[in-house]
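S.K.: Working from the sequences, and respecting the hints, build out all of it.
Protein sequence lines correspond, in order, to chains E and L. Numbered by the working numbering, the letters in the first sequence go through residues 1 to 461 in order. Numbered by the working numbering, the letters in the second sequence go through residues 1 to 461 in order.
Just so you know, the hints here were simulated from the structure itself, not pulled from any lab data. Some hints could be false.
One copy or two, either will do: identical chains are not told apart, so a pair holds if it fits within one copy or between any two.
For lysine-lysine, the following BS3-like pairs were computed, each having C-alpha atoms within a straight-line distance of at most 30 Å [unchecked claim]:
#	residue 1	residue 2
1	Lys228	Lys194
2	Lys359	Lys66
3	Lys187	Lys97
4	Lys187	Lys228
5	Lys457	Lys187
6	Lys315	Lys457
7	Lys23	Lys194
8	Lys66	Lys346
9	Lys228	Lys359
10	Lys457	Lys313
11	Lys106	Lys338
12	Lys116	Lys420
13	Lys116	Lys106
14	Lys457	Lys186
15	Lys23	Lys91
16	Lys66	Lys106
2 protein chains.
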Amino acid sequence: MDLTEQQTIRDLYALLEKEELSKLQGQTLSFGGFVRNARSMGQVAFLSLNDGSCFENLQVVYDASKDELSGIRLGCSVQVEGVLVLTPEAKQPFELKASRVELIGKVADDFPLQKKRTSFEFLRTIPQWRMKTNTFNAVFRVRSALAYYIHEYFFQHGFYWIHTPILTANDCEGEGQTFQVTADAKKPAEFFNKDNVHLTVSGQLHVEPFALTYGKVYTFGPTFRAEKSNTVRHAAEFWMVEPEFSFAHLLDDCDLMEDFLKYVVSKTMERCEQDIRFFNERIDSHLLERLKEFIEKPFARVEYRDALKLLEKAKEEGHRFEVEDFRFGLDFGSEHEKYLTEVIFKGPIFLINYPKDIKAFYMKQNDDGETVAAVDLLVPQIGELCGGSERECDYDKLLSRMEELHMNIEAYQWYLDLRKNGSIPHSGFGLGFERLVMLVTGMQNIRDTLPYPRCYKDMLF
Amino acid sequence: MDLTEQQTIRDLYALLEKEELSKLQGQTLSFGGFVRNARSMGQVAFLSLNDGSCFENLQVVYDASKDELSGIRLGCSVQVEGVLVLTPEAKQPFELKASRVELIGKVADDFPLQKKRTSFEFLRTIPQWRMKTNTFNAVFRVRSALAYYIHEYFFQHGFYWIHTPILTANDCEGEGQTFQVTADAKKPAEFFNKDNVHLTVSGQLHVEPFALTYGKVYTFGPTFRAEKSNTVRHAAEFWMVEPEFSFAHLLDDCDLMEDFLKYVVSKTMERCEQDIRFFNERIDSHLLERLKEFIEKPFARVEYRDALKLLEKAKEEGHRFEVEDFRFGLDFGSEHEKYLTEVIFKGPIFLINYPKDIKAFYMKQNDDGETVAAVDLLVPQIGELCGGSERECDYDKLLSRMEELHMNIEAYQWYLDLRKNGSIPHSGFGLGFERLVMLVTGMQNIRDTLPYPRCYKDMLF
Chain E
1 MDLTEQQTIR DLYALLEKEE LSKLQGQTLS FGGFVRNARS MGQVAFLSLN
51 DGSCFENLQV VYDASKDELS GIRLGCSVQV EGVLVLTPEA KQPFELKASR
101 VELIGKVADD FPLQKKRTSF EFLRTIPQWR MKTNTFNAVF RVRSALAYYI
151 HEYFFQHGFY WIHTPILTAN DCEGEGQTFQ VTADAKKPAE FFNKDNVHLT
201 VSGQLHVEPF ALTYGKVYTF GPTFRAEKSN TVRHAAEFWM VEPEFSFAHL
251 LDDCDLMEDF LKYVVSKTME RCEQDIRFFN ERIDSHLLER LKEFIEKPFA
301 RVEYRDALKL LEKAKEEGHR FEVEDFRFGL DFGSEHEKYL TEVIFKGPIF
351 LINYPKDIKA FYMKQNDDGE TVAAVDLLVP QIGELCGGSE RECDYDKLLS
401 RMEELHMNIE AYQWYLDLRK NGSIPHSGFG LGFERLVMLV TGMQNIRDTL
451 PYPRCYKDML F
Chain L
1 MDLTEQQTIR DLYALLEKEE LSKLQGQTLS FGGFVRNARS MGQVAFLSLN
51 DGSCFENLQV VYDASKDELS GIRLGCSVQV EGVLVLTPEA KQPFELKASR
101 VELIGKVADD FPLQKKRTSF EFLRTIPQWR MKTNTFNAVF RVRSALAYYI
151 HEYFFQHGFY WIHTPILTAN DCEGEGQTFQ VTADAKKPAE FFNKDNVHLT
201 VSGQLHVEPF ALTYGKVYTF GPTFRAEKSN TVRHAAEFWM VEPEFSFAHL
251 LDDCDLMEDF LKYVVSKTME RCEQDIRFFN ERIDSHLLER LKEFIEKPFA
301 RVEYRDALKL LEKAKEEGHR FEVEDFRFGL DFGSEHEKYL TEVIFKGPIF
351 LINYPKDIKA FYMKQNDDGE TVAAVDLLVP QIGELCGGSE RECDYDKLLS
401 RMEELHMNIE AYQWYLDLRK NGSIPHSGFG LGFERLVMLV TGMQNIRDTL
451 PYPRCYKDML F
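M.R.: Put into structure tokens, the structure is as follows:
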């Protein structure tokens, strides 16, 4: 196998795009992959071969008289060799007139994928097969591209990838929403000599010291929540991106979020153009339009207090909300977020400077004594995509906030000390990666963006 | 903050390299970072500023008469502004004559880092500070670069990154070396409706179905072993890279491993040239030489049976091994691996076609009935860097091997079925990422390659 010289279906489409495919016309090429579709007309058989390189298939035309090929159908794997023929008049722009078709792997009679449409619910029961359907084939290709461009963006902008730990013994304020980890359930503290080892809910605290040394860093890895909720937006295991950078204030954080997201989404739209066209046709007919707006339109920046006033005004003008109490200190419900993004601003907005009591202890306390330098990025259809803040870098202020919240100071002393030695103003945010996959694919259930979803009461293999 | 236009110390060195730094001579620039070193001579003070962008510091010269700057020392954070002056005659090729030096974050008297040399053992007790020392500053920069180039290589070669799960309910043959996970220790099976949820030891089985659909895929994420061993090479939590590809046999696997590793190592050597020069000077004086050989010399390919003969011959010629029993069916000890790589082949070797009884159940059974198509990559000084194999893709052969090993067939039925539906010959390997970091940095203890090491009896925060 030559690792660099293999021809893929993606390459053919790239040449077609550049109007250079004619140089391969009449040449003998070979491909391997799985069969998306097979049919025959008399002695001529057709199969749609997918080699994984892109969404589009290669139409293969061959002599159907050979008995050993009669079993070729959806899910079979094949290798083919033949001559490339351009067919500009036909539905597909080219095809392979195969001189050799080899059936590599048959499918058994009980193979669960059939040509007919299958529900996403059913497909969730067969994560080992569902990526052979059009939808999931595209989902995991888009997921992979998004993940890659996240790294590319940060690398190009001088951010270091820091692998913060999954196992942590940091006291996590007994929220009861973490998974406990033991090597031996009978002696839970034995392995690490720690009482309370659990799976991380965020890499932020662990990555902050690296931001104070390297300037710009990020984590990108799995995080865990043991929430007993069965919604389309929550998984027990999901991936999170968390950049953290020094000499950065709240509005710098917004700048980074916007620049980063637009880069990752636009690169993925380019790379996975075939997939996203499919999603636009089959999953969400407004997808392309919304994504174009997402990468082109500047995100509005709105003070929490101003958002309150806008909602109040909408109410006065006759809009009916289910919850109409907009007092300072309350978090917005999704109907309010929807109204702000979809009706008032018609696009993504940064909501900034939230009341401190609805936000985390580490956020920078603003001079008004009531708010913190927090930001949520709200997106039409999706809701909250990212949340971030400038971090409190004053030792005394942070300590007194932690005392107010009755936190276990001793467990966090190492974190507090970052404010005592070489402290720097710094900011960061967290992006739930699957929400980004949902944004770009139009998929509505987080279970359909994860290769093997792990949710409450729901885990296979 | 302008995210794209910031000048870094790395940029200055890049311009210097291209002999274009003179165009910044006399210009006013500003930098922020932490102080690596500070000293004064009369009214003139010097500080070495590190902004995280590279190993080298910026020498900053300023007027020491200001009282408020007297506290500047190792670990402080500062912002400086001044004029760049080229100093080709001096030890450092340029310096900043600062018109403004602002002390952003002091260090407290009990700050644990001091100018004197500190042992790695001590530094392991302060993972939140040790990245400010020369050695660890370089380690985590190299680690980040290696991780990035891993993704870059696979992306450029058409591999999809598949996020295989951390939590798994797959039966893992009761090896007793996995961590158990529960949301509630009193009702361990409640959350997922599964008895035995644990942390993954490998993503391979979960990634294989994706390889059979997309052709080329990989996982790169944390993996876990609850081994009660306290060696310099084992951690309870570590990162693993696992590519898997279709239409690939054992020698293709070797090709991929070699091409991949040489790419990642050579790109990192280029990117982190300053860091690796430091390691070569301070940590391992043969490092550069060994790395150059690693990327330039073809890796030898040696049959397990031939390696046995070579060791036998060495024994006959008088070399004394501690263990001198080389019968077929035994695994090599590290003394044997060392002799093969360091004495006989003087470089990395692929050892292939191992006895089946010392390898995993999923490896392709060779026609001799005794060996499997397995490969270990052995490297001088490091030992085993990667292990891989062609996978058994014949349903009946795989099933009978699993029965021989008394495995729980039912739990693996989904995996077995991959051989029944659209099976394709495929291969893959696993690379313990920290071993690669050790190879490239010369660091001898895995605890010194992980931001927050988690080892037996050893975990902070």
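S.K.: All hints are to be evaluated individually against the structure, with a verdict given for each.
M.R.: A quick look at each hint next to the structure:
no. : hint              : result
1   : Lys228 <-> Lys194 : both (26 Å within a copy, 15 Å between copies)
2   : Lys359 <-> Lys66  : neither (68 Å within a copy, 40 Å between copies)
3   : Lys187 <-> Lys97  : neither (65 Å within a copy, 60 Å between copies)
4   : Lys187 <-> Lys228 : both (26 Å within a copy, 14 Å between copies)
5   : Lys457 <-> Lys187 : both (26 Å within a copy, 13 Å between copies)
6   : Lys315 <-> Lys457 : neither (40 Å within a copy, 59 Å between copies)
7   : Lys23 <-> Lys194  : neither (66 Å within a copy, 56 Å between copies)
8   : Lys66 <-> Lys346  : neither (59 Å within a copy, 53 Å between copies)
9   : Lys228 <-> Lys359 : within (22 Å within a copy, 40 Å between copies)
10  : Lys457 <-> Lys313 : neither (43 Å within a copy, 59 Å between copies)
11  : Lys106 <-> Lys338 : neither (49 Å within a copy, 45 Å between copies)
12  : Lys116 <-> Lys420 : between (64 Å within a copy, 21 Å between copies)
13  : Lys116 <-> Lys106 : within (19 Å within a copy, 68 Å between copies)
14  : Lys457 <-> Lys186 : both (24 Å within a copy, 16 Å between copies)
15  : Lys23 <-> Lys91   : within (21 Å within a copy, 57 Å between copies)
16  : Lys66 <-> Lys106  : within (15 Å within a copy, 81 Å between copies)
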